[in-house]
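Visitor: Sequence:
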Amino acid sequence: MFSLNQPSTGGTTAVFKVAEPNKIYVDDDDDDDTGPTIYIAVFVGNRVEKWTKGATHGIQIGDECRSCSGVSVDREKNVYMSESDRHRVLKWSPRTNTTTIVAGQTDERGSSSEQLSNPEAIYIDQTSGIFYVADSHNNRIQKLMKDSLEAITVAGSKTDSPGTDVGSLADPTGVWVDEETNVVYVADTLNNRVERWLPDASKGDTIAGGFGSGGAENQFNTPNDLTFDSEGNLYVSDTWNHRIQLFRIIDNHPCTPTSTVRPEAQICQDAAPYDPCSTNEACSCLPLMNTNNDGICASLYVKCSELISCANNNRTCYRPGHLCVNHSRCHSTPLCYPANMALPALCPPISPMKKKWSKTSSMNHTRRSHTAMELINGKVLVAGGFDNGAISNAELYDPSTETWTTIASMNDARGEHTASILMNGKVLITGGLASHDFLNSSELYDPSTETWTTTGSMTNARGEHITSILPDGKVLVTGGYGDGRWLNSAELYDPSAETWTTTGSMNNTRSEHTSSVLANGNVLVTGGHVSRDPLAGAELYDPPTETWTTTSSMKSARSEHTASVLMNGKVLVAGGSNYSYSLNSAELYDPSTQTWTITGSMNHARWKHTASVLKNGKVLVTGGFDHSALNSAEIYDPSTELWTTIGNMNDARGEHAASVLTNEKVLVTGGSRGGMALKSAELHKLIALDDRHR
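768 is the number of the first residue of the sequence shown in my numbering; add one for each residue after it.
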């Protein structure tokens, strides 16, 4: 054990009998209590080893990693490894057990943007998936966007020559990045120093070492790695001095850019620039540039001439005690504003801000993969789902009292089924999984009698399918999985006859896809998967001819995503999974041109989430999974094609349901977290500015 403030009395061997271990990565983000997992780049052994707590030997990860010199792990547990002698970086996927090249070219040393020369340390931005590589023999740090083989130099000269000046590096082997500010820190090995490079800078500055090679406290002898702790203290692996050097932060102003709001500052949520926010009329809301929807309530009694511009990325300030804000009355570009002008003593709040999410009464039963439908009387019917097996119970939520009432159960227990509101007000439930068998049965719920009756059965048993209400009132069911196979079949339900008939089959088998009824009456089906092979293909169903035609494919293959029909007639597809990693990308389908275009990406990658079109035309996305359940939520604005994060839900959840109520609130119910089904429910209300400041 050790203390930062006391000398260590000894260490414990966590991993032993490893042939020349190089870089390590400690993953302490597991959900269980088994302790951290250690990944080791074994230089002589030509591999990456994974060691769990208490293990007596390591497990090789992926293929051979020749002269393995770097290792890191992203939040989806993909393992990145630097294969120094082959001048490339590999990524091993635990989902597919495959190893792919993500940077460099095999056995080709070079200095182009797509080449590396003896790569060393790897740093991964866990939020964006961007990763950084210490390209040691090219004397630079390379930044690679997710799924791109072309890199950008963020530290070091644009040539491959070493140097001792502030614009050069010499054989850098370690890299660490502040994910909030994008400031890059480098173990500049042969220059025996640690360098800090600000975003878009052409030179760095030395924050440790730089006094030649030696054993003094201000010197290094071949530093090869570095990291920071949560307090901002710097640790450096000082190789040939056989020590780890600790450099403590010396004051309350970190050397990284100011990027967080002082805890006592008053925050404006979802406010427009210069909105009133205080009883002091000299104070107004100034949007913060490092958040998506927040600002500070600040006094405007600061001369424009006293303000300096934010850093080149227009998000951060390098002046201590300042925040990057949008202050267009002073300048068209963001400015650094003194945080002490946003104190409540100077700008007293008008009233406490309302929370966007509020808990409502919990359901009577825990459930996930259920359905939730708003009835014509305004109540919400929740039915079925899973809780240690399929369940048949159902209940009603009354928005006026915020209470749940148990009603008659369905005739069949089922989860991963569908629910559709018919034109006569009844609810049609179809298919799903009952314990171990997929169902072809259907049943109707009558709100006037609160009873269930069986109706005609589908031709094919299926779950993970999709239903759509056609303009003529019939119900189209497509795809899914049943009877041991993925389906491309489709069927039509006629409410007047209560019968199913087969209709034209889709061109592709698929499950966990989406379907959207377009303004012209056609149905757009997108994505899904076949045997965990994600699909990018899309096709259109024409109800009058009962035929399918392929349309242009999405830009990204995805399954377990969402699709929302916007007020302008376009379809927004967001998130999902490609079974290698979760997606945060989004794209728009234009029915008039039958083409897809990329739109703004979500702030969080997610799958098994919900998407709800609000009365104002915006789209609210909630929860889902990205390795673990999420409590984050965000809103898409079609006018700007941008996503804005909003307050987090009270509970992280995926496999849940969301319903837009007549009172404009959104009800979120159930789902799962950590493998356990939930019965909690909560409400979201989009707060108007006049409500918030009244």
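Treat the hints with caution; some may be incorrect.
Stated by the list, open to error - Across the chosen pairs, the derived CB separations fall in these ranges:
id	residue 1	residue 2	range
1	G1192	S1076	57 to 67 Å
2	F995	N1335	30 to 40 Å
3	G934	R862	34 to 44 Å
4	I1011	S1095	21 to 31 Å
5	Q872	S1272	17 to 27 Å
Keep in mind that the hints were calculated from the coordinates and are not lab data. C-beta atoms are modelled at their ideal positions from N, C-alpha and C, and glycine is treated no differently.
Visitor: Confirm or reject each hint.
Guide: To see whether the hints hold, each was checked on the structure:
Against the hinted window of 57 to 67 Å, the Cβ-Cβ separation of G1192 and S1076 comes to about 59 Å, which satisfies the hint. Checked against the hint of 30 to 40 Å, the pair F995 and N1335 fails, with Cβ atoms roughly 46 Å apart. Range check, G934 to R862: about 42 Å between beta-carbon atoms, so the 34 to 44 Å window is met. Range check, I1011 to S1095: Cβ separation about 48 Å, and the 21 to 31 Å hint is violated.
A hinted range of 17 to 27 Å for the beta carbons of Q872 and S1272 is inconsistent with their spacing of about 44 Å.
Violated hints for the displayed structure, listed by number in ascending order: 2, 4 and 5.
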